[in-house]
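Asker: Here the protein sequences come in this chain order: A and B.
Just so you know, we're using my numbering here: the first sequence kicks off at 1 and counts up by one.
Just so you know, we're using my numbering here: the second sequence kicks off at 1 and counts up by one.
A few of these clues could be false.
[What the hints assert, rightly or not] Sample of chain A residues at the chain B side, in silico, Cβ under 7 Å:
1. 99
2. 100
3. 102
4. 105
5. 107
No lab work stands behind these hints, which were simulated from the structure alone.
Note that the Cβ used here is the ideal one computed from N, Cα and C, for glycine as well.
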Amino acid sequence: MSVAVIRFGGSNCDRDTVTALEELDVDGNLVWYDDGLPEEVDGVVLPGGFSYGDYLRAGAMAAQEPIMEEVRAAADEGVPVLGICNGAQIGCEAGLTPGAFTVNESARFQCEHVYVRIETTETPWTAAYEMGEVLKLPIAHGEGRFEIDAETLADLEDEDRILCRYCEPDGSVSDRANPNGSRDNVAGVVGRRQNVAVLMPHPERATLPYTAGCDGARMLAGFGG
Amino acid sequence: MTGYTATVTVRLKAGVLDPEAETTKRALQRLDFDVEKVRRSDRFQVEFEADSPTDAEERATEMTERLLANPTIHDFDVEVDQQ
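Chain B with its partners taken away, still in its complex shape (with noise of 0.2 Å):
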């Protein structure tokens, strides 16, 4: 078993409308900056122990799918790094 650091990003899908990225940019305006679109995500870096680096990333998907997400409403992506 070898330690892995899996960094998951979590979205909204596109289309899904971000209230509080929208209240971001607005405030960004605010201060005088020229800003057309804010993003919001979350990024999770998870550290675990795992066979191989193929494994690390089934698992850490696995995690994303069943908590760290919510399908109906996010896209993901996973990265893992042996660490």
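Looking at chain A on its own, in the form it has when it is part of the complex (with noise of 0.2 Å):
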């Protein structure tokens, strides 16, 4: 099991991330995006950071880059591909999920510990998690709000699309605990197919035991099958 974090000039969280798959026992490798995917790949991280600056708008520059085909072709043949904060917003730039995730309606970066609820458990991710759990994960990010418009939202309900929302420590979802004025709580959103899905928070700062909680772990153990 060999999971490609993707790192592109600007990422920050990718070393994180190998570190907290290896707590899981999971194979995690670095992958500088001009060097492509290696051939043998079982999974796919576009790991948290400023990809090229967040010019233009955050991801859009790396979702251009030739590596994405590579992901777009991996996911197509059932590669699970999470892209995590600035992976999210990559991974909306390129297509490979619904919607766009811009400026936060506070207009400031936000870095803090949220609730979110699970809302789907049929992702490699959640599998692991109860429907309706609430984990406790951090956030840092300037452009996490996510937009999209109400049909398309609507079909992502009925297509149980949504990966999970911002919500109270009692899973309730309420505008209080939206950080970021998200469409209707939205904190990750699941592809085309259940293998591919992006989240604003960071699960894998969740993931070891010296990090404040680590509810995030069962998410990044979901690489491991």
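From these two lone chains plus the hints, build me the complex, please.
Answerer: This is how it looks when you write it as structure tokens:
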């Protein structure tokens, strides 16, 4: 089980992700974007950071790199692909997942812990959770507000493609629990198939025992099958 | 082939929140300007060669759809001038 963690210029959660995967006995390997995907790859992480300095829009530049064509092909073959934070922005910009992540309602960079509710257990990363389970995870983003038109959002609901929503500690979804003004509190979404998903919170920062909580560990452990 | 300059204006769709514009509005109000609404847009000027104005406009539109704008949140205008 070898998971490629793709490092773009400006990625900064790449090593954290590899360390978290190793903690879970999943073989994570840093892959420089310009080297292309390894031939044998069992999973892909688009990690967090500020690829290309967030020029134009967060994720817009990295989404156009040739390696993303390889990621798209791998995803179509069923390889699990997870985008985290900047990786989520890249995933949406590349069209792997629907919607867009844009400037927080506060217009500020926000670095804090939030609660999210698991909305589907049909993905590799959420299969180990209970439906509706509440996780405490860190966020660190300036452009995390999920935007999508109402019709597409309704389709996503119908197709069970909402990964998780910002919520209160008791699991109820409220405006107060929504850190960035995301449409319908959406924190993560699923692609056309269940093996592709993105989310703004950082499971890799909630995996190691010496971080503030390990609620994200089962998410990344999903790469281990 | 002739040189063209495409001027592309990218703005948020109506109904999409623009926190930066809201913040700018508040800053203008703090400066005692009587401001009701601020809208923000990005303007790109792209220079390239094309066969005709129609060709130039089509290519600038494709550039915008594929990169300069994000169709999920943006509307855009394209204007083409011969250099």
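Asker: Each hint needs a verdict: does it hold in this structure or not?
Answerer: Cross-check of the supplied hints:
Proximity of residue 99 of chain A to chain B holds as hinted, the smallest CB-CB distance being about 6 Å (cut-off 7 Å). The beta carbon of residue 100 of chain A is positioned within 7 Å of a beta carbon in chain B (closest approach about 4 Å), and the interface hint is therefore held. Interface hint status for residue 102 of chain A: upheld, as the beta-carbon distance to the closest one in chain B is roughly 6 Å, under 7 Å. Annotation: interface hint on residue 105 of chain A holds; nearest CB of chain B at approximately 6 Å, less than 7 Å.
Restraint check, residue 107 of chain A versus chain B: the minimum CB separation of about 4 Å is within 7 Å; hint holds.
No hint from the list above goes unmet by this structure.
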